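A.B. asks: Heads up: the sequence lines are chains A and B, in that order. Per my numbering, residue 63 is the first one in the first sequence, and the count goes up by one each step. Per my numbering, residue 63 is the first one in the second sequence, and the count goes up by one each step.
These are calculated hints, taken from the structure and not from any lab test. These numbers were taken from a predicted model, which means no experiment stands behind them. Don't take each hint at face value.
[Stated by the list, open to error] Result set (DSS-like, lysine-lysine): computed pairs, CA atoms no more than 30 Å apart in a straight line: (1) A/K108 to A/K157; (2) B/K113 to A/K157; (3) A/K68 to A/K134; (4) A/K202 to B/K158; (5) B/K202 to A/K157; (6) A/K157 to B/K68; (7) A/K80 to A/K68; (8) A/K202 to B/K80; (9) B/K202 to A/K202; (10) B/K202 to A/K158; (11) A/K113 to B/K80; (12) B/K158 to B/K134; (13) B/K80 to B/K202; (14) B/K68 to B/K108; (15) A/K134 to A/K108; (16) A/K80 to B/K80; (17) B/K113 to B/K158; (18) B/K157 to B/K134; (19) B/K108 to B/K134; (20) B/K157 to A/K113; (21) A/K108 to A/K80; (22) B/K157 to B/K113; (23) B/K202 to B/K113; (24) A/K157 to A/K134; (25) A/K113 to B/K108.
[Claimed, not checked] Among the chain A residues that face chain B by a calculated CB cut under 8 Å, a handful are: (26) V182; (27) L184; (28) A185; (29) G230; (30) G239; (31) T242.
[What the hints assert, rightly or not] Pair ranges (Cβ atoms, derived): (32) A/I87 to B/L93: 44 to 54 Å; (33) A/Y107 to B/D97: 37 to 47 Å; (34) A/S70 to B/G73: 44 to 54 Å.
Heads up, the beta-carbon is just placed ideally off N, CA and C, and yes, glycines get one too.
Number of protein chains: 2
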Amino acid sequence: MSARPKTSDAGIRAVARKLLEEGGIDNLSMLAVADAVGVRAPSLYKRFSSKSDLLLAVTGDTLLELQASVEKAVHPRSAYRSLERMAAAYRAFAKKNPRAYQLIFEDIPLSLDDRSDRDVRLAAAAALLRILSEAMGEEKALLGARTLVSFLHGFLSMELNELFRFGGDINEAFRFGLSTILNALLGSGGRTRR
Amino acid sequence: MSARPKTSDAGIRAVARKLLEEGGIDNLSMLAVADAVGVRAPSLYKRFSSKSDLLLAVTGDTLLELQASVEKAVHPRSAYRSLERMAAAYRAFAKKNPRAYQLIFEDIPLSLDDRSDRDVRLAAAAALLRILSEAMGEEKALLGARTLVSFLHGFLSMELNELFRFGGDINEAFRFGLSTILNALLGSGGRTRR
DNA sequence: ACCTGAACACCGTTCAAGT
DNA sequence: ACCTGAACACCGTTCAAGT
């Protein structure tokens with residue numbers, strides 16, 4: 063008897079996330095996770111079939127949080143304001159969770175056939191597509207979303223990896239790029255550039 | 063006596079690049095490199111002080127090639143045409159060298175204080191900045207470059223990781239995003255959207 | 001049902017010893 | 001000068017054995 067669980071699925075994911083954020087992906091070993099959780103490494107394999115599996119679960123958690131943050135920023139009446147605030151929320155989340163954020167876009171070709179991961183990703187894009195559909199029409203919304211998300215992710219990827227090396231104000235660069243794209247996408251219906 | 067070199071600095075970098083492109087970063091171990099080069103692993107450490115060091119060198123090679131490809135695409139008379147062709151060259155290079163391309167933006171916080179790496183990166187951006195300076199004025203050029211490069215890198219990062227999952231024509235999405243941004247940056251002086 | 005120690009194959013890296 | 005075998009600490013993962 064005995065053999066009562068010393069931890070939980072969610073507990074392991076949380077510890078993994080913490081180790082990742084604190085010391086990067088190299089700090090996230092199954093042995094370190096097991097240690098922090100108070101268990102031996104082999105026990106982790108009862109709950110996650112591999113390290114990839116655990117990373118995928120962490121990515122899922124991160125995506126859900128990112129989606130929630132971005133959706134909270136939607137403004138009821140203005141598409142421009144919504145997109146501006148969603149973009150700010152997106153950037154704030156990425157800067158607060160840099161390692162987890164980068165996991166979403168990098169290590170995940172594994173997850174292509176993972177149903178739940180796919181669903182979370184689609185949900186995360188839904189709010190953006192809805193707003194752009196209303197503002198640009200359904201046929202252009204997907205093109206607009208891809209333009210906007212590409213800019214956002216590219217900007218964050220460069221900012222987090224400290225690849226903006228010519229000096230200048232990074233916040234201004236973000237505002238400039240975002241307003242350039244939003245004005246172009248929303249046309250004269252949107253707010254004009256300040 | 064004997065002990066003549068069985069390989070060279072450049073030979074090792076080329077093999078590493080090949081292993082990386084063929085089987086991803088997991089395929090690029092010091093033992094695999096040594097094996098492919100016809101030497102034992104410890105010998106590699108005479109030329110590269112660590113695996114990171116080798117990866118950094120591979121990244122440098124990649125950056126130089128990327129810079130050369132993009133610069134070849136410059137058009138003598140039209141800023142719009144130059145930027146359009148440079149963007150196409152950038153995308154073509156990334157799709158032809160997906161793993162090496164991703165290395166540039168991911169694994170490289172190590173290289174922040176590496177002089178030569180820094181220089182290569184600055185040079186790679188110089189052509190773009192020059193063209194935008196002529197078209198937008200010097201004060202706006204850096205902002206415009208950051209907008210454009212963010213879009214390009216974000217788009218490629220998503221495309222290479224197969225994260226465009228709503229269907230639709232990816233080439234059309236690239237053309238749409240690029241022309242949206244170029245028209246907005248270059249104003250009525252540029253070519254109008256098709 | 002869950003946990004464990006022991007073991008396996010594989011890493012990156014160091015170093016004394018060879019030619 | 002360059003290469004090598006042996007060794008170290010660490011990793012992901014498996015599995016038979018414990019309670």
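A.B. asks: Straight-line Cα separation of A/K157 and B/K68 no greater than 30 Å?
C.D. replies: Given that 30 Å is the threshold and the Cα spacing comes to 46 Å, the pair is violated.
A.B. asks: Restraint: A/T242 near chain B, CB-CB cut 8 Å. Satisfied or not?
C.D. replies: Holds: closest Cβ of chain B sits about 5 Å from A/T242, inside 8 Å.
A.B. asks: At a threshold of 8 Å, is the proposed contact between A/V182 and chain B supported by beta-carbon distances?
C.D. replies: violated (11 Å)
A.B. asks: Tell me if the straight-line CA distance from A/K80 to B/K80 falls inside 30 Å.
C.D. replies: violated (35 Å)
A.B. asks: Taking the beta carbons of A/Y107 and B/D97, is their distance inside 37 to 47 Å?
C.D. replies: Hint violated: Cβ distance 30 Å, outside 37 to 47 Å.
A.B. asks: Look at the Cβ atoms of A/S70 and B/G73 and judge whether their distance stays inside 44 to 54 Å.
C.D. replies: holds (51 Å)
A.B. asks: Would you check the hint for A/K80 and A/K68, treating anything up to 30 Å between C-alpha atoms as holding?
C.D. replies: It holds: about 18 Å lies between the C-alpha atoms, which stays within 30 Å.
A.B. asks: Regarding the hint that A/L184 lies at the interface with chain B, is the smallest CB-CB distance below 8 Å?
C.D. replies: holds (7 Å)
A.B. asks: For the pair supplied as a hint, A/K202 and B/K80, confirm whether the alpha-carbon distance does not exceed 30 Å.
C.D. replies: violated (40 Å)
A.B. asks: Would the hint linking B/K157 and B/K134 be met if the CA-CA limit is 30 Å?
C.D. replies: holds (17 Å)
A.B. asks: Less than 8 Å between beta-carbons is the criterion; does A/G239 satisfy it with respect to chain B?
C.D. replies: Interface hint status for A/G239: holds (4 Å vs cutoff 8 Å).
A.B. asks: For the pair we were handed, A/K113 and B/K80, check the Cα-Cα distance against 30 Å.
C.D. replies: Distance ~26 Å between A/K113 and B/K80 Cα, so the pair holds.
Consistency with the previously given hints fails for numbers 1, 3, 6, 8, 13, 15, 16, 19, 23, 25, 26, 28, 32 and 33, ordered from lowest to highest.
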